[in-house]
Amino acid sequence: QVQLVESGGGLVQSGGSLRLSCAASGRVYEIYFMGWYRQVPGKERELVATINLGDATNYSDSVKGRFTISTDSTKDTMYLQMNSLKPEDTDVYYCNVVVYGGDNYWGQGTQVTVSS
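Numbering (the numbering used here) for the sequence shown: 390 to 505.
Treat the hints with caution; some may be incorrect.
Dumping the calculated BS3-like pairs for lysine-lysine here, alpha-carbon to alpha-carbon at most 25 Å [what the hints assert, rightly or not]:
1) K475 to K432
2) K453 to K475
3) K453 to K464
4) K464 to K432
To be clear, the hints were calculated from the coordinates, so they are not data collected in a lab. Everything numeric in this text was worked out from a predicted model, so none of it was measured.
All chains, please: the whole structure from these sequences, using the hints.
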């Protein structure tokens, strides 16, 4: 089992910045792939950014150049630095990890609201 706790969401004006954190505990040594997703009620969960153990990253076109995904040196905390935020970035953001064997784990979600 892996437990994920997100923090850092909140209300920010358009053009502002926020940094989300996702702290992992439990079987963190089995994590090999991590990512951030976002979802509004009634819509499918959308990939925002991913990072693997080799620090290779991938971003959705909608956030490329504005958001940066990273981890700390021990790989048990993941971050999403969000700059130049837009109202359309308003969503609940979830962190996700995949462990060897293919099991997926999700955080509880953190609300990000960008006012115009």
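Identify every previously stated hint that the structure contradicts and give their numbers, smallest first. The structure conflicts with hint 4 only, although it agrees with all the remaining ones.
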